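Enquirer: Below are the chains, spelled out letter by letter.
2 protein chains.
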Amino acid sequence: MIRRIVRDEATKEPLYRQVAHSIEQQIGRGVLRVGDKVPSVRAFRRHHRVSMSTALQAYFWLERNGYIEPRPRSGFYVRVPFKELIREPKYQGHEAVPTTVGTATIIHEVVQMAAHPAMIPFGAAFPGPGVLAAELLNRSLRKVVNRIPLHSVTYDLPEASEAFRRQIARHSLSHGCNFSPEEIVTTCGALEALNLCLRAAAKPEDVVAIETPTYFGVLQAIQSLGMRAVEIPTHPRNGMCLDKLENALRKHDIKACVVMPNCQNPMGYVVPEGRKKAFVELTNRRGIPVIEDDVYGDLAFEGRSRTLKSYDQQGLVLLCSSFSKVLAPGLRIGWVHAGRFRDEVEKLKYVTTIASPTLAQLAVAGCMQTGGYERYLRKLRGIFSDRVQTASVAVAQYFPEGTRMTRPRGGYMLWIELPTQVDGFCVYREALQKNVSIMPGTIFSPSGRFRNHIRLSCNQPWSEKLHLAVQTLGQICRNQIGS
Amino acid sequence: MIRRIVRDEATKEPLYRQVAHSIEQQIGRGVLRVGDKVPSVRAFRRHHRVSMSTALQAYFWLERNGYIEPRPRSGFYVRVPFKELIREPKYQGHEAVPTTVGTATIIHEVVQMAAHPAMIPFGAAFPGPGVLAAELLNRSLRKVVNRIPLHSVTYDLPEASEAFRRQIARHSLSHGCNFSPEEIVTTCGALEALNLCLRAAAKPEDVVAIETPTYFGVLQAIQSLGMRAVEIPTHPRNGMCLDKLENALRKHDIKACVVMPNCQNPMGYVVPEGRKKAFVELTNRRGIPVIEDDVYGDLAFEGRSRTLKSYDQQGLVLLCSSFSKVLAPGLRIGWVHAGRFRDEVEKLKYVTTIASPTLAQLAVAGCMQTGGYERYLRKLRGIFSDRVQTASVAVAQYFPEGTRMTRPRGGYMLWIELPTQVDGFCVYREALQKNVSIMPGTIFSPSGRFRNHIRLSCNQPWSEKLHLAVQTLGQICRNQIGS
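Chains V and A are the protein sequences, given in the same order. Take 1 as the starting number for the first sequence in my numbering and just add one per residue. Take 1 as the starting number for the second sequence in my numbering and just add one per residue.
Just so you know, the hints here were simulated from the structure itself, not pulled from any lab data. Be careful, since some hints might not be right.
It does not matter which identical chain is meant; a pair holds if it fits inside one copy or across any two.
[What the hints assert, rightly or not] Simulated pairs of lysine-lysine, DSBU-like, Cα-Cα distance not exceeding 35 Å: (1) K465 x K143; (2) K255 x K347; (3) K465 x K347; (4) K12 x K244; (5) K203 x K379; (6) K143 x K203; (7) K143 x K12; (8) K90 x K347; (9) K465 x K251; (10) K434 x K12; (11) K347 x K434; (12) K37 x K347; (13) K379 x K277; (14) K277 x K203; (15) K379 x K251; (16) K347 x K251; (17) K244 x K143; (18) K277 x K143.
Predicted model only: the values in this text are computed from it and were never measured.
Chain V on its own, in the form it takes in the complex (with noise of 0.2 Å):
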């Protein structure tokens, strides 16, 4: 009987438990699948005759076992529970020891591969947005050629500049902050973002905390600029641990922090909120500049949430991000709020690369302003909860026993621990053989960690070809213990 729950007052279950019990039923049944809509919560209520404080503590419980996941002005949907999912990845706490970073050779390699076009690209970070942004952006392309034609002839119309970057400002109200236009300095895409803020925070030599697992890309702007890393213990759910952070604050002369807290590359976390704020306080204490990344930051499943910028009391947090994994990677249009460090870092902006493509700046300013974009990125959240799981679900069927993965908050990475016997180099390698593209673990780390770990890009809509490559990486881990 699903429509009346018997409101059984010898059970010890709570009525919302009982209510909940329905949602969770119908999900067993596969009456409701992973992406579908639940009712809602005003629906739900009527419909089991409850109260509207017990219909919402029911989809909380269900929000809080992995049943449903809130996406914002849109609803519930259904979610991979949680219970069936395999467990998260280990934290690994160790000594915080600055390195030279050296990995760059193979990263290089790593990122060709992934980029192969006869590959199946677990490996890559793009092409992600696809179709649906393409028509976005094509629409306020014509729009710009059409309206002001002399779009590009100078560097970086300063019309142009202004219009994107007040966009930025309207937009960052969403994560808590609210800058001015005249705060923000446009770049080459997030990394020029944050090679210069690396300039302006530190020296050659200097030493900069990173957390472990690490993007790639701000290993290799370490290196190129003959910095050290040191990579302070991060876990899986929480970001960078601050004890560890504030030890190596302590015992080393860190000059910077490089952190994601939002839908970390390659974790998938969301720092909790309180964790921001404290990590914020410490580093603002004793007065350390912190690069945080937030090109992710968009595509939170759950809606935005607050970047450390918003904590930011003495202008240390320097927020780079960028339209490349949102809506399109080729328009290289990035920027910075580089608080403190804003003029050095358009200085340093003006002698490496001048001035940022103008089109593409004024297109994106067009997506933002009529309300489009925002629109996009609540379909686009839900697009990529949808791929994360369905390929999460996959892992847990395939691969061998003992393996463990995020469970992401965003984004579209899969961090994926494997058994320790497994080699996640060897399992790339293997991989390619077969056409498939990942990325190892080892080059999310300075210093050779991960090395049964792996990295799968979930950002292509799901195909049996897409489920048949997770099982031949589940067979390949598989041979390697001999299972």
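Given the coordinates of chain V, assemble chain A onto it according to the supplied hints.
Expert: Showing chain A alone in chain V's frame:
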């Protein structure tokens, strides 16, 4: 009597000189004006009933004396006769000593003022091409957006990048090279290319040989990378002095050389071919990497001339260019053929900005593919030649006695040597008060040379306003010497 030259056997003047005189007279009387097309050699010959060789001799004489200038595939055009222009700047030989570059703050201010919309922009190196370029470009952009809707969904779509690099390779024949597309690395403008080449060829503290005066962007790049510069005396018509360079190479541990042999900024010279060859022989022999900046190369008034790269036997010339000066700076599209430094440059590109704007690459490739680009270039050369000459005449008219000025063979810069009592920086400051932006000479040298020099950028359509601005500048200079 113009129709039929009296063949005066009594005068000592050879026949070609007598027929040339007819054109000289027409120019003198204002029948032919600066920028007008003169009759074709063929028509001229028929008209005067002389042999082809006499007609050719006459035209060569007119060209040598600055009455006319050839524009490839378009014929000869009237220019300002050399005798009506003031003298060229003096060549200044000096000791070449490595200098730490430290002028960036002033440069930053000057550049911002140059771009200020309220100014009459003799300072800015943009916007030049304008409407003509916008038409060509927007036609191409619309095609790309319609035909390749997914143009920007990856980092630098391999096909996109290939289409662009194929056109660069094709165009390389025009300057004496024969590139393969895969040898080219695309960049976000030529300044990025230049930065990457500097980083590939030298390290912080290393010494780099430069022209003097040199484009200040080179100085800023050298400074921001912590390198040092050594200024090699540079002739206003022949470029960097080879003897002085050889001496400097012997004396100092020079790691690279940055030069602009075609349409140099600010002096506008095109280094004679023999000297280009000798320059490359010298640097090849000594194993010195040469970073060749060719951003104005397509704008040589007499058509393309060879790049240093075309003489390079050892892969030691790193040729950088872009479409910022020729098409539109807002595109942020440049490229580099880095010879034996290719892989290193590509890796550095990857770790600083990953890729270059895809749409702009496709649009530029579209422009170049159809031949529209070559036609456009021919028009543009004529336009800039006229503007530079018109400005030259105005300078000769209004500036104080003792002023000297370059006779640019391409680009749109005029380099003016003022009487020694005049301070270019004071002229710059005073001119700003009157809403005229220029560039003071000192920012073109890391050691504060060219105190009595200024640069005028003549890329605007000539107007009464510009004419008055030159008059104002002349008056400011006169005031300084109390004349």
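Enquirer: Each hint needs a verdict: does it hold in this structure or not?
Expert: Against the structure, the hints:
Proximity of K465 to K143 under the C-alpha cut-off of 35 Å is restricted to the inter-copy arrangement: shortest distance 33 Å between copies versus 38 Å within a copy. In this assembly of identical chains, the alpha carbons of K255 and K347 lie at most 35 Å apart whether taken from the same copy (20 Å) or from different copies (25 Å). When the C-alpha separation of K465 and K347 is checked against a cutoff of 35 Å, the pair qualifies only between copies, where the shortest distance is 32 Å, while the shortest distance within a copy is 48 Å. In this assembly of identical chains, the alpha carbons of K12 and K244 never lie at most 35 Å apart, being 43 Å within a copy and 95 Å across copies at closest.
When the C-alpha separation of K203 and K379 is checked against a cutoff of 35 Å, the pair qualifies neither within a copy, at 42 Å, nor between copies, at 47 Å. Proximity of K143 and K203 under a CA criterion of 35 Å is satisfied in neither setting, with 43 Å inside one chain copy and 45 Å between copies. Within a single copy, K143 and K12 get their C-alpha atoms no closer than 62 Å, and across copies no closer than 68 Å, so neither meets the 35 Å cut-off. Within a single copy, K90 and K347 get their C-alpha atoms only as close as 43 Å, which misses the 35 Å cut-off; across copies the closest is 34 Å, which meets it.
For the homomeric pair K465 and K251, neither the shortest alpha-carbon distance inside one copy (50 Å) nor that between copies (64 Å) is at most 35 Å. Neither within a single protomer nor between protomers do K434 and K12 lie at most 35 Å apart by alpha-carbon distance, with minima of 54 Å and 86 Å respectively. For the identical chains of this complex, K347 and K434 are inter-copy neighbours only, at 27 Å across copies versus 47 Å inside a copy, given an alpha-carbon limit of 35 Å. Neither within a single protomer nor between protomers do K37 and K347 lie at most 35 Å apart by alpha-carbon distance, with minima of 49 Å and 45 Å respectively.
For a Cα distance limit of 35 Å, the shortest separation of K379 from K277 inside one copy, 29 Å, qualifies, whereas the shortest one across copies, 60 Å, does not. For a Cα distance limit of 35 Å, the shortest separation of K277 from K203 inside one copy, 28 Å, qualifies, whereas the shortest one across copies, 40 Å, does not. Proximity of K379 to K251 under the C-alpha cut-off of 35 Å is found in neither arrangement, the shortest distances being 46 Å within a copy and 65 Å between copies. Proximity of K347 and K251 under a CA criterion of 35 Å is satisfied in both settings, with 32 Å inside one chain copy and 33 Å between copies.
In the homo-oligomer, the alpha carbons of K244 and K143 never lie at most 35 Å apart, since the shortest distance is 51 Å inside one protomer and 55 Å across protomers. Proximity of K277 to K143 under the C-alpha cut-off of 35 Å is found in neither arrangement, the shortest distances being 42 Å within a copy and 49 Å between copies.
In this structure, the earlier hints numbered 4, 5, 6, 7, 9, 10, 12, 15, 17 and 18 are contradicted, and the remaining ones agree with it.
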